[in-house]
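Asker: Sequence:
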Amino acid sequence: MQIKVNNQLHQFSDEFSPTLANVLSLLMPDLKTNGVAVAINSSVIPREDWPSTPIADQDDILIITATQGG
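Residue 1 is where the sequence shown starts when you use my numbering, and the numbers rise one by one after that.
Hint data in this document are derived by calculation from the structure and do not stem from the laboratory.
Predicted model, so just to flag it, every value in this text is computed and none were measured.
Heads up, a few of these hints could be off.
Derived Cβ-Cβ restraints for the label pairs, each shown as a range [as the list claims (entries may be wrong)]: (1) Ser43 x Glu15: 20 to 28 Å; (2) Ser13 x Gln68: 32 to 40 Å; (3) Ser13 x Arg47: 23 to 31 Å; (4) Thr67 x Phe16: 25 to 33 Å; (5) Phe16 x Gln68: 34 to 42 Å; (6) Gln11 x Gln68: 29 to 37 Å; (7) Lys4 x Gln68: 26 to 34 Å.
Calculated lysine to any residue pairs in the SDA-like style (CA-CA distance at most 20 Å, straight line) [unchecked claim]: (8) Lys4 x Ser52; (9) Lys32 x Ile64; (10) Lys32 x Val44; (11) Lys4 x Ser43.
Cβ atoms here follow ideal geometry from the backbone N, Cα and C, with glycine treated the same way.
Turn these sequences into a full structure, and let the hints guide you.
Answerer: Now the structure itself:
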């Protein structure tokens with residue numbers, strides 16, 4: 001299984017059937033979920049759906065983190 005996260009390819013075992021929450025915790029263990037938006041194949045996924053959203057081969061995940069500026 002190959003997925004793209006923020007334009008970086010990641011390879012997983014074909015037997016691995018992850019959810020969005022699994023992938024986020026594996027690839028970004030220190031990610032704070034406040035101020036974070038995630039889209040899979042250009043569709044925004046609500047935070048409460050992350051644990052139940054399956055990830056498929058060739059999915060394109062975009063993680064956006066809000067930053068403070070001025």
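Asker: With 26 to 34 Å as the target window, see if Lys4 and Gln68 comply at their CB atoms.
Answerer: Since the Cβ atoms of Lys4 and Gln68 sit about 28 Å apart, the hinted range of 26 to 34 Å holds.
Asker: Checking one constraint from the list: CA of Lys4 to CA of Ser52, max 20 Å. Satisfied?
Answerer: It holds: about 19 Å lies between the C-alpha atoms, which stays within 20 Å.
Asker: For Lys32 and Val44, compute the direct alpha-carbon distance and say whether it is at most 20 Å.
Answerer: 17 Å, holds
Asker: Mind checking the hinted window 20 to 28 Å against the Cβ distance between Ser43 and Glu15?
Answerer: About 26 Å separates the Cβ atoms of Ser43 and Glu15, which means 20 to 28 Å holds.
Asker: Per the hint of 29 to 37 Å, is the separation of the Cβ atoms of Gln11 and Gln68 within bounds?
Answerer: At roughly 35 Å between Cβ atoms, Gln68 and Gln11 fall inside 29 to 37 Å, so the hint holds.
Asker: Cβ-Cβ distance between Thr67 and Phe16: within 25 to 33 Å?
Answerer: Given range 25 to 33 Å: holds, Cβ gap about 32 Å.
Asker: Check whether the Cα positions of Lys32 and Ile64 lie no farther apart than 20 Å.
Answerer: 11 Å, holds
Asker: The hint says 32 to 40 Å between Ser13 and Gln68; measuring C-beta to C-beta, is that right?
Answerer: 39 Å, holds
Asker: In this structure, is the beta-carbon distance linking Phe16 and Gln68 contained in 34 to 42 Å?
Answerer: Since the Cβ atoms of Phe16 and Gln68 sit about 36 Å apart, the hinted range of 34 to 42 Å holds.
Asker: Given the hint that Lys4 pairs with Ser43, test it: the Cα-Cα distance must not exceed 20 Å.
Answerer: 14 Å, holds
Asker: Verify the CB-CB distance for Ser13 and Arg47 against the hinted window 23 to 31 Å.
Answerer: 27 Å, holds
Of the hints listed earlier, there is not a single one the structure fails to meet.
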